[in-house]
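Protein chains: 2
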Amino acid sequence: MSKPIRVIAYGLGAIGRAAAELVLKKSNMQLVGAVDLNPQYVGQDLGSVLGVGRQLGVKITDKPVVLFAQAQADVVIHCTSSSFVTVYPQLVEIVRAGLHCVTSCEEAMFPRYRNAQLAGELDDLCIKKSCAVVGTGVNPGFVMDTLALALTAACQNLEAVRVLRVVDAATRREALQRKVGVGISEAEFQQLAKDQKIRHVGLSESLVFLADALGWNLAEVDESIAPVIADKRIKTPYFTAQPGSVAGVKQVATGLWNGKEVLRLELQMYAGAANPRDEIVIVGNPPLKLVLDGGTPGDLATPALLVNSLPSLLDARAGLHTMRTLGLPQIAL
Amino acid sequence: MSKPIRVIAYGLGAIGRAAAELVLKKSNMQLVGAVDLNPQYVGQDLGSVLGVGRQLGVKITDKPVVLFAQAQADVVIHCTSSSFVTVYPQLVEIVRAGLHCVTSCEEAMFPRYRNAQLAGELDDLCIKKSCAVVGTGVNPGFVMDTLALALTAACQNLEAVRVLRVVDAATRREALQRKVGVGISEAEFQQLAKDQKIRHVGLSESLVFLADALGWNLAEVDESIAPVIADKRIKTPYFTAQPGSVAGVKQVATGLWNGKEVLRLELQMYAGAANPRDEIVIVGNPPLKLVLDGGTPGDLATPALLVNSLPSLLDARAGLHTMRTLGLPQIAL
Numbered sequence: 057m058s059k060p061i062r063v064i065a066y067g068l069g070a071i072g073r074a075a076a077e078l079v080l081k082k083s084n085m086q087l088v089g090a091v092d093l094n095p096q097y098v099g100q101d102l103g104s105v106l107g108v109g110r111q112l113g114v115k116i117t118d119k120p121v122v123l124f125a126q127a128q129a130d131v132v133i134h135c136t137s138s139s140f141v142t143v144y145p146q147l148v149e150i151v152r153a154g155l156h157c158v159t160s161c162e163e164a165m166f167p168r169y170r171n172a173q174l175a176g177e178l179d180d181l182c183i184k185k186s187c188a189v190v191g192t193g194v195n196p197g198f199v200m201d202t203l204a205l206a207l208t209a210a211c212q213n214l215e216a217v218r219v220l221r222v223v224d225a226a227t228r229r230e231a232l233q234r235k236v237g238v239g240i241s242e243a244e245f246q247q248l249a250k251d252q253k254i255r256h257v258g259l260s261e262s263l264v265f266l267a268d269a270l271g272w273n274l275a276e277v278d279e280s281i282a283p284v285i286a287d288k289r290i291k292t293p294y295f296t297a298q299p300g301s302v303a304g305v306k307q308v309a310t311g312l313w314n315g316k317e318v319l320r321l322e323l324q325m326y327a328g329a330a331n332p333r334d335e336i337v338i339v340g341n342p343p344l345k346l347v348l349d350g351g352t353p354g355d356l357a358t359p360a361l362l363v364n365s366l367p368s369l370l371d372a373r374a375g376l377h378t379m380r381t382l383g384l385p386q387i388a389l
Numbered sequence: 057m058s059k060p061i062r063v064i065a066y067g068l069g070a071i072g073r074a075a076a077e078l079v080l081k082k083s084n085m086q087l088v089g090a091v092d093l094n095p096q097y098v099g100q101d102l103g104s105v106l107g108v109g110r111q112l113g114v115k116i117t118d119k120p121v122v123l124f125a126q127a128q129a130d131v132v133i134h135c136t137s138s139s140f141v142t143v144y145p146q147l148v149e150i151v152r153a154g155l156h157c158v159t160s161c162e163e164a165m166f167p168r169y170r171n172a173q174l175a176g177e178l179d180d181l182c183i184k185k186s187c188a189v190v191g192t193g194v195n196p197g198f199v200m201d202t203l204a205l206a207l208t209a210a211c212q213n214l215e216a217v218r219v220l221r222v223v224d225a226a227t228r229r230e231a232l233q234r235k236v237g238v239g240i241s242e243a244e245f246q247q248l249a250k251d252q253k254i255r256h257v258g259l260s261e262s263l264v265f266l267a268d269a270l271g272w273n274l275a276e277v278d279e280s281i282a283p284v285i286a287d288k289r290i291k292t293p294y295f296t297a298q299p300g301s302v303a304g305v306k307q308v309a310t311g312l313w314n315g316k317e318v319l320r321l322e323l324q325m326y327a328g329a330a331n332p333r334d335e336i337v338i339v340g341n342p343p344l345k346l347v348l349d350g351g352t353p354g355d356l357a358t359p360a361l362l363v364n365s366l367p368s369l370l371d372a373r374a375g376l377h378t379m380r381t382l383g384l385p386q387i388a389l
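Here the protein sequences line up with chains A and B, keeping their order. Just so you know, our numbering puts the end of the first sequence at 389, numbered straight through with nothing missing. Just so you know, our numbering puts the end of the second sequence at 389, numbered straight through with nothing missing.
Don't read these hints as lab results, they were simulated from the structure. Treat each hint with caution, since some may be false.
Repeated chains share a single entry, so a pair holds when one copy, or any two copies, can fit it.
[Said to hold, decoys possible] In silico DSSO-like links for lysine-lysine, alpha-carbon gap of 27 Å or less: (1) LYS185 x LYS81; (2) LYS59 x LYS81; (3) LYS81 x LYS316; (4) LYS184 x LYS253; (5) LYS306 x LYS345; (6) LYS345 x LYS81; (7) LYS306 x LYS59; (8) LYS59 x LYS250.
Pulled out of the complex, with its shape left as it was, chain A reads as follows (with noise of 0.2 Å):
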């Protein structure tokens, strides 16, 4: 066995603890330093906020630059924003720290979309400081993107790319189902969704990421959203939908290129949402059509993709990656 990889957790929101965790349960690696700027957090033992019945000898801190300097860590865990701009400056510190970092991040899942100055920026600075940055998750990260672009592998022809994830919400986090709106009004939710406030992020990533991968230089990415309305009375465990009130949130994008819609990634997450699954069909010869049965869950995948790319990461060339430069994924021993 190697030495063991040394981990900074760094966010301990209900994805950041449930991938710190998941580190405790790796044989091969080891948590070093946690970093939350949560008053109630900071100055206690890890072990505490994450409920694991132990002390862990791991002080949660809030100032991550001094933490860098003397944990002789290896990787950043890094959990706190769905927003590049945002996780920039923390990503540039850990960075400058010397560690490597996958983030949670959904927009720096494909940060050039976006934020391509920056992203080159960043770029530039784990190669510098000999560094792999990665953005990853279930969604983005793995089942609308990764997992498809591997799929087309075995096409000899690819025309189009259709994912759909459909996740019952109401078998989800309290977070989760309040982020779709379940039991709101449908005037609620629009207001909502136009201050962005219900939004997956990361749906028009996944999307270039893919155009990306497949030479596909888009004429147009368009992404819309809509609320799935209950037809009849919906009760989970937190909230209650009315009939004609909102059930939750159908989001979709879609890419164009030479006139013909060739991408498109349809994310429906909403309370009693039947036959939830991952559906990737491929438009080529072979036609593939692959169907995860139930779908993937987050709450679980996410925190799993995390800590299965810390190998590979540690491993990789310097610099800003994507999943599709990182190598195969899979499970961490």
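Given chain A, put chain B in place with the hints provided.
Positioned in the frame of chain A, the structure of chain B alone reads:
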């Protein structure tokens, strides 16, 4: 667009011809040579043998070493035999000439399993000559191994992987139907199986590839083969299986680790198989079930995988690769 990849087609059986035809369709690849020992092919233009309706200016030769010295090629697509021992001297000639190589040789998908010493020597030679070699195809090479491994990236832990591939042999080419024994008697089947004349090569290679990647030091690898008996008359374009005769084959490889069956790969190829599909079941957290409806047709997908692996192969470090070390697979542009 970068400089076209200059390709030699080595072995012009069904798969080799299909791969060569696909190279012709790729904008960034160029066929610059062809090797086959069939005296009816030698000296002919490759275009005539492929039946593409035009001359390609590529004369088929039975003298590969001479061709390698003259053709200024980058890479060889090699499709001659299932046996690593048989192809080994051919691969050595290719690498000695400084050429990269992708081979459809099933045992070369994980050659360390049956031929650790030869695999080690080929790896050394690759490094010395700065060449990369990999064995791939749809199976072994993709649906029962690489794709299953990639799927584990979404898991926090893993207890077992089970893959089932069901092929309706009636829809496949004559050679495959003959290979699986459509229409022969059970006694004939048993004799042919005993002589290893009925056998899908590579199932154990897929299994050991997975075990190696997952760090499962298998105590035992078992592989069994049995006929599927027709329960009614099945007529294909080439053969007829009477009730009680053989419709095809069922082959199973299993791997035990710590006393448990952690890996099970099952391949059913018979005429009249209902619900043809590729199915990957991950026993773990989360559990996952992936289905490729209708399955992945090998006649199309194996040439695709060979050709699609060329860009990553040319980009890879020198050595004898597996699909695990070659990066994320995808269609070549």
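Checked hints:
{"no.": "1", "hint": "LYS185 x LYS81", "result": "neither (30 Å within a copy, 42 Å between copies)"}
{"no.": "2", "hint": "LYS59 x LYS81", "result": "within (16 Å within a copy, 47 Å between copies)"}
{"no.": "3", "hint": "LYS81 x LYS316", "result": "between (47 Å within a copy, 21 Å between copies)"}
{"no.": "4", "hint": "LYS184 x LYS253", "result": "neither (37 Å within a copy, 57 Å between copies)"}
{"no.": "5", "hint": "LYS306 x LYS345", "result": "both (21 Å within a copy, 24 Å between copies)"}
{"no.": "6", "hint": "LYS345 x LYS81", "result": "between (35 Å within a copy, 24 Å between copies)"}
{"no.": "7", "hint": "LYS306 x LYS59", "result": "neither (45 Å within a copy, 43 Å between copies)"}
{"no.": "8", "hint": "LYS59 x LYS250", "result": "neither (49 Å within a copy, 47 Å between copies)"}
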